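Take these sequences, add in the hints, and give me the full structure.
Residue numbers (the working numbering): 11 to 321.
Errors might be hidden in some of the hints.
[What the hints assert, rightly or not] EDC-like cross-link-like pairs, simulated, lysine to aspartate or glutamate; straight-line CA separation at most 16 Å: (1) K218 with D192; (2) K218 with E267; (3) K45 with E257; (4) K300 with D234; (5) K158 with E119.
[Said to hold, decoys possible] Computed spacing ranges between beta-carbons, pair by pair: (6) N262 with E157: 37 to 43 Å; (7) R269 with P247: 23 to 29 Å; (8) D111 with E134: 21 to 27 Å; (9) Q61 with R130: 29 to 35 Å; (10) P207 with E312: 48 to 54 Å; (11) E134 with N105: 20 to 26 Å; (12) A274 with E134: 34 to 40 Å; (13) G219 with N105: 41 to 47 Å; (14) T43 with A177: 21 to 27 Å; (15) N298 with A146: 35 to 41 Å; (16) D234 with A94: 39 to 45 Å; (17) G219 with A109: 39 to 45 Å; (18) T64 with H95: 16 to 22 Å; (19) R286 with Q132: 40 to 46 Å.
To be clear, the hints were calculated from the coordinates, so they are not data collected in a lab. Values in this document were obtained by computation on a predicted structure and should not be read as measured data. For each residue, glycine too, the CB sits at the ideal point set by N, CA and C.
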Amino acid sequence: MNSANNDAVAEAPDPANYEDPVVWSIGIYTGETLKGLQPAPAASNPVLSAQDVTDVRSSFVADPFMINDGDRWHLFFEVWNLDAHKGDIGWAVSNDGLAWDYRRIVLTEPFHLSYPYVFREQGEYYMIPESYQANAVRVYRGDPFPEKWSLVEPILEGELLDSSIFAFEGKWWLLTCPMASDDDVLELFYADAVLGPWRRHPASPVIKGNDQIARPGGRVVMGDSGRPVRFTQACYPAYGMHIRGFEITALNTSSYEEREIQQAPILLGGNQYWNRSGMHHVDPHRVNGKWLACVDGWRIEERPQVEKQAR
Numbered sequence: 011m012n013s014a015n016n017d018a019v020a021e022a023p024d025p026a027n028y029e030d031p032v033v034w035s036i037g038i039y040t041g042e043t044l045k046g047l048q049p050a051p052a053a054s055n056p057v058l059s060a061q062d063v064t065d066v067r068s069s070f071v072a073d074p075f076m077i078n079d080g081d082r083w084h085l086f087f088e089v090w091n092l093d094a095h096k097g098d099i100g101w102a103v104s105n106d107g108l109a110w111d112y113r114r115i116v117l118t119e120p121f122h123l124s125y126p127y128v129f130r131e132q133g134e135y136y137m138i139p140e141s142y143q144a145n146a147v148r149v150y151r152g153d154p155f156p157e158k159w160s161l162v163e164p165i166l167e168g169e170l171l172d173s174s175i176f177a178f179e180g181k182w183w184l185l186t187c188p189m190a191s192d193d194d195v196l197e198l199f200y201a202d203a204v205l206g207p208w209r210r211h212p213a214s215p216v217i218k219g220n221d222q223i224a225r226p227g228g229r230v231v232m233g234d235s236g237r238p239v240r241f242t243q244a245c246y247p248a249y250g251m252h253i254r255g256f257e258i259t260a261l262n263t264s265s266y267e268e269r270e271i272q273q274a275p276i277l278l279g280g281n282q283y284w285n286r287s288g289m290h291h292v293d294p295h296r297v298n299g300k301w302l303a304c305v306d307g308w309r310i311e312e313r314p315q316v317e318k319q320a321r
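Have a look at this one:
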């Protein structure tokens with residue numbers, strides 16, 4: 011999540027600035043299809059909240075990404091550090107992907123971190139967190155995974171938000187949203203390897219002037235058709251309203267095309283107390299022929315009236 015948008019309740023993730031703070035939490039969804047994701051019946055949603063964080067004072071957790079190492083699931087996510095007034099990256103573990111135990115902060119920098127996009131390539135675990143305050147997209151390696159992360163190198167310059175990397179047909183692709191765009195531009199880059207060199211796609215920006223479908227909202231996955239599916243967060247009429255999905259129907263070094271997998275959002279807030287105001291992130295994984303996904307959602311945490319009067 012972008013901590014720079016701190017001037018309105020719906021846009022800002024920093025609860026300290028509001029009379030009624032925004033609270034983000036993490037849940038688990040399942041479904042037969044990406045269009046049919048629903049709260050997992052066996053999960054006690056939210057599976058992680060700020061109250062589970064034990065090593066720093068936190069007001070919310072968000073932007074979850076998970077990965078399985080063959081023995082158990084690992085979840086990485088933004089932890090809003092109240093004392094440092096920025097995001098750090100937290101870590102939790104699970105044997106089944108449904109019940110999670112918080113462990114600790116595993117990555118912190120002098121600048122804000124969020125959106126810890128974790129993936130594996132050639133036996134190594136990598137993470138590309140949002141690091142726009144460092145004016146770069148930075149790649150970290152598990153050193154060792156999952157408890158320590160070391161910077162490998164920056165791969166792109168600029169204030170770029172929610173960078174989402176994926177491999178397809180022999181190349182690596184990266185979708186990202188420039189901070190200066192007000193969440194309505196989606197840029198595309200490609201490379202032969204994770205560390206680049208990265209080149210801007212000739213069709214980029216592939217989305218321009220649309221804050222409903224531009225900013226990335228989770229992991230790019232291979233859908234039922236074998237084509238990549240990207241997820242996008244709607245940032246209007248407020249930040250983090252819902253999630254839409256788009257199948258990328260043409261992707262090579264000269265062209266890009268996509269189509270929406272359904273006309274309505276695939277994830278909406280309002281179903282439960284913890285996500286009643288909106289949802290803006292999904293990371294789905296195929297498990298035994300079904301989808302298992304970590305998601306986040308938000309609500310306005312209304313303070314008791316007597317506390318409001320005392321402030």
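> Of the hints given before, which are not true for this structure?
Replying inline: Result: no hint breaks.
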